[in-house]
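Asks: Oh and the sequence shown: position 174 is 194 in my numbering, straight run, nothing missing.
Note that these hints are calculated values from the structure, not bench results. Among the hints, a few may not be true.
What the hints assert, rightly or not - Calculated lysine-lysine pairs in the DSBU-like style (CA-CA distance at most 30 Å, straight line): (1) 22 with 127; (2) 126 with 22; (3) 49 with 212.
As the list claims (entries may be wrong) - Quick list of simulated restraints, FRET-style, between CB atoms: (4) 116 with 197: 36 to 44 Å; (5) 151 with 29: 17 to 25 Å; (6) 52 with 87: 18 to 26 Å; (7) 179 with 42: 26 to 34 Å; (8) 113 with 221: 24 to 32 Å; (9) 109 with 204: 37 to 45 Å; (10) 197 with 113: 40 to 48 Å; (11) 26 with 47: 28 to 36 Å; (12) 196 with 127: 19 to 27 Å; (13) 49 with 208: 27 to 35 Å; (14) 183 with 23: 13 to 21 Å; (15) 200 with 175: 24 to 32 Å; (16) 170 with 223: 32 to 40 Å; (17) 185 with 32: 17 to 25 Å.
Even for Gly, the Cβ is constructed at its ideal location relative to N, Cα and C.
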Amino acid sequence: MKPSPLLLAPDNHSLVLIDYEGQMGFATKSINMAELRDNTALIAGASRIFNVPTIVTTVAEESFSGPVFPEIEEFYPQATSNYLDRTSMNTWEDEGAYRAITGLGKKRIVMAGLWTSVCIVGPALSALHEGYEVYVVADACGDVSAEAHERAMERMIHAGVRPVTAMQYLLELQRDWARTETYAAVTSLAVKYGGAYGLGIQYASRMLHHATAEAEPAPKA
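Can you build the whole structure from these sequences, using the hints too?
Replies: Next up, the structure:
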């Protein structure tokens, strides 16, 4: 009855969101931008719902790459969150970012961002080298071509990175619909950003409500 220790849980990992900025998004061709933004919102929202220690890092925000996606700021407003700006393409080589990530004290790190072949490969392989377990949210990452993204994912998987998807991340943290304290927030997030699955949740909720209302006896006069 015990779940696998390989499963992600709110208290067994940290999340690092890397370079979700306009300049990086403009050249991303491996995934539809609307889908990428939705998937980014799913993981950012999930980490907020479940209080996962989360780092948001940017590269040359003021001079080159621009502001982060609004889907990041929805859950981690820049005015109230600690954003770490860098010059290095590899987050792991920036002293401030490195100290912030390792200072969270989690030996399991989930990463996602742009681009897969540069800004994700670098810290993922570096963290692995230092003995961390690394998960990458594959469909919340993107690159200049499908080839670039796929080869980067293969390279990381061969090295020991574990791939997951955005919806998988959200549902793996919820794990049990009987966890009522997060049920409403999780389903609301899925309805807003979960595509067809979210539409299905909305449909089922509405139809169940109508069916229940119709089944109730009419009030007595």
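Asks: Check each numbered hint against the structure and report the violated ones by number, ascending.
Replies: 8, 15
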